[in-house]
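Top line first, the protein sequences correspond to chains A and B. Letter by letter, the first sequence follows residues 170 to 814 of the numbering used here. Letter by letter, the second sequence follows residues 828 to 949 of the numbering used here.
Warning: the hint list may mix true and false statements.
[To be verified] Each pair of labels, with its calculated beta carbon distance range:
no.	chain 1	residue 1	chain 2	residue 2	range
1	A	D640	B	Q939	39 to 45 Å
2	B	Q939	A	L549	33 to 39 Å
3	B	P936	A	P577	49 to 55 Å
4	A	E471	B	E868	41 to 47 Å
5	A	G748	B	Q939	33 to 39 Å
6	B	P936	A	D253	53 to 59 Å
7	B	E868	A	K800	43 to 49 Å
8	A	D784	B	E868	36 to 42 Å
9	B	Q855	A	D621	22 to 28 Å
10	A	D784	B	Q939	17 to 23 Å
11	A	G757	B	R906	24 to 30 Å
12	B	E899	A	A553	33 to 39 Å
13	B	P936	A	G757	33 to 39 Å
[Said to hold, decoys possible] To be clear about the criterion: a stretch of chain B counts as covered by chain A if any three or more of its residues have a C-beta under 8 Å from a C-beta of chain A, and this derived list gives those stretches:
no.	region
14	865–876
15	894–905
16	930–939
Keep in mind that the hints were calculated from the coordinates and are not lab data. These figures come from a predicted structure and were not determined experimentally. Ideal Cβ positions, reconstructed from N, Cα and C, are used throughout, including at glycine.
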Amino acid sequence: MASRRGDAIADSRRQFLKRATLTGAALASPALPAIAQQPPPAEAPARRVPPPNLAVETEPPPLDPVNQTSSGGDFMVDVLKRLDIDYCAINCASSFRGVHEAIINYGQNRKPEILTCPHEEIAVSMAQGYAKIAGRPMAMMCHGVVGLQHAAMALYNSWCDRVPVYVMIGNIIEADKRAPGAEWVHSAIDPAALVRDFVKWDDQPASLQHFAESAVRAYKIAMTPPMGPVLLSLDAELQENPIRDRDRLRIPRLQKVVPPAGEPGAVAEAARLLAGAENPVIVVDRYARTPDGVARLVELAEALQCAVVDQAGRMNFPSRHPLNQTFRRAAVVGEADVILALEMNDLWGALNAFSDRIVRRSRPLVTPATKIITINSRDLSLKANYQDFGRLEDVDLAIGGDGEATLPALIEDVKRLVAGRRAALEARGRRLADAHRASRDQARADATIGWDASPITTARLCAELWAQIKDEDWSLVGNGLRILWPQRLWTIDRHYQWIGTSGGAGIGYNAPAAMGAALANKAHGRLSVAIQGDGDLMFVPSTLWTAAHHRIPILYLVHNNRAYHQEYMYLEAMAVRHGRGVTNAHIGTTITDPNVDYATVARGFGVYGEGPITDPRELGPAIKRAIAVVKRGEPALLDIVTDPR
Amino acid sequence: MRSNVSPIAAAIAALLLGAGFAGPQAPQADDVANGRRVYLEVGCFTCHGRSGQGGNFNYPAPALARTSLPLEAFTRIVRSGPNDMPGYPASVLSDKEIADIRAFLRSLPGRQPLDQFPLLNQ
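Build the full structure now, drawing on both the sequences and the hints.
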């Protein structure tokens, strides 16, 4: 993506020299043919070829400086350090060369440290995964036009996922300061317009003081629930020009972010409904921002002895808690008389069944008498164009506020109201515990089907992985499987053991986001593992180079079903509907002929790679070898040929 | 020795078939082989797995290994397609092919006793 403003200047110098040389040559050449039989003319005065004007060619015009002792980029780094940003993922570009150089030299490449990414999508997704473990944003920089276009899909994912990503783009505002060529096609009046529908806030500061204030404001906005990506467009002149009056510049304080909590009266009403219910159910999605969130939800569920359905947008509720009824969702919501929905991404989808057929129909899973309460920070900030907010569900009490921040008050109110109902609640809890055990036994029994088959079943893959990590301080930083085998088979009880998925279902998220999360885990010495779809990896294979280059320990298990499998199934459904060509559904959907050798691809990027593994008996030893590599601080990849789902 | 199976015994047999134990009548080898071929060729495995272990389309796709569904019910389901499963017309799957697929599925090992799997008892 880099272009060189210096090349434009050098070009103009070369043109001058060429013209000067041609002029001199023209003056020196004998232009006329010899004229015979004529007396020689009187001797003409000698023509002088002016020497090259070296001063013009090699020296800048007088009065313009050639060195500088400060630059706007230095001040920008001062601001970034005040924001406590550890990393800045970039794909380098001329339009932010000023702040880039300031980071690596003035800022000594610390806080932030530059992370080199071969694609802007990798940089944004890496930041998205990082934030979900670290609890604060990573910065990301790219070209304001072409770089931002590359980054757009990943930004959409982070918007849908409600994750803070701190984006800075380079741009050249002043037309008379743009060199001919690339700098014009890479400039825009309003570069953020491209992504404004899916960033929370953006600005294009006109001065360094403006930058300081907008930078602090942007951080606060990104981190206030509903969180989301923010964007600052940095003018190249502002980055590169010397600072005038540095002493007059002031960096505002970064205030502590206080998440909005639900209105107390509404919370009290919610508590009354829940405490009085016969079959209350909690449905939860992108709720737990911190480990406290998990603890609070457990406290609430245990106070109510109610079912919890975890939609796995984050790690919200322990997988083996007796009240976890995630894999009985249709049954429990069908029996519920009160439902509390916390930070749901798609409440309508959780409470209704929808048929993708020629005539699309839906039916509610809940009874008409069911009372529905929502606590959702997303209600406080929505945009219209992209429809990520989902279909409107009829609710009885909609509380705008952050789930985790609202729960303490709700728990207090609930506990007061259920104080005299202990026996009834415990009976309810026992029934749910029995149902949870039965659900878990069913999962284990289901996992035995095809246990020794090749291609390897996804259940076998997950069981073998669990055997190798269960005694480690592990973190599942990505899962490309559409079946939640880890949630069905593993013991997941810590907030960092699962980070959710892309949000916007944009493919090319899993590999870099997992890497970003692994980078955050590195500081804690955790073992990061990711089940990686092959199709997703094909979008961003150079993620592996970044992992190798920056020594990010992560184990990728490629769930290699050799297809964009969801679309493969869709094509089959279309063909069957028409009664034709079902055997053609592989066209445009499968990744075969040739089969990709992901282990070799990995090694080419400097990553330990093994595979393709087709015999399930080889899985355990291969995972063990790869974990040894990861524990040395390096990434590793296993290519595992699996059944589709 | 009885030559007719009582209704209660038949129900128990169907239940045991679904739980992964051997049934009273084994499918014919040719039907099973053809059923496997069609199951893979038409793409049933993409949702239900090569071993009939189930999977996921827009919703979970059930495990079909050792299915205990009677042929008539099985055929009705394949033709009509519940939920998001497409309904397969005769131009895509003949009645014989559906029967053979069912034979193949009933020949699969299915769920096994958990005590044989240390990894699932961790």
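Each hint tested on the structure:
1. For D640 (chain A) and Q939 (chain B), the hinted distance range of 39 to 45 Å is not satisfied, since their beta carbons lie about 26 Å from each other.
2. Between Q939 (chain B) and L549 (chain A), the C-beta spacing of about 51 Å breaks the proposed range 33 to 39 Å.
3. Remark: the range hint 49 to 55 Å for P936 (chain B) to P577 (chain A) is upheld by a beta-carbon distance near 51 Å.
4. Range check, E471 (chain A) to E868 (chain B): about 51 Å between beta-carbon atoms, so the 41 to 47 Å window is missed.
5. A hinted range of 33 to 39 Å for the beta carbons of G748 (chain A) and Q939 (chain B) is consistent with their spacing of about 38 Å.
6. Between P936 (chain B) and D253 (chain A) the C-beta distance comes to about 56 Å, which sits within the given range of 53 to 59 Å.
7. A hinted range of 43 to 49 Å holds for the C-beta pair E868 (chain B) and K800 (chain A), which are about 45 Å apart.
8. The hinted range of 36 to 42 Å is not satisfied by D784 (chain A) and E868 (chain B), whose Cβ atoms lie roughly 25 Å apart.
9. Evaluation of the 22 to 28 Å hint for Q855 (chain B) and D621 (chain A) yields a pass: the beta carbon distance comes to about 25 Å.
10. Look at D784 (chain A) against Q939 (chain B): about 19 Å separates their beta carbons, and that is inside 17 to 23 Å.
11. Under the hint 24 to 30 Å, the C-beta atoms of G757 (chain A) and R906 (chain B), about 28 Å apart, fit the expected range.
12. Distance hint check for E899 (chain B) and A553 (chain A): the Cβ-Cβ separation is about 51 Å, which falls outside the suggested range of 33 to 39 Å.
13. A hinted range of 33 to 39 Å for the beta carbons of P936 (chain B) and G757 (chain A) is consistent with their spacing of about 34 Å.
14. Given as covered by chain A, the region 865–876 of chain B passes the check, having 7 residues with a CB less than 8 Å from a CB of that chain where 3 are the minimum.
15. Counting residues of the region 894–905 of chain B whose beta carbon lies closer than 8 Å to any beta carbon of chain A gives 0, which falls short of the minimum of three for the stated coverage.
16. For the region 930–939 of chain B, the stated coverage by chain A is satisfied: 5 residues place a CB nearer than 8 Å to a CB of that chain, which reaches the threshold of 3.
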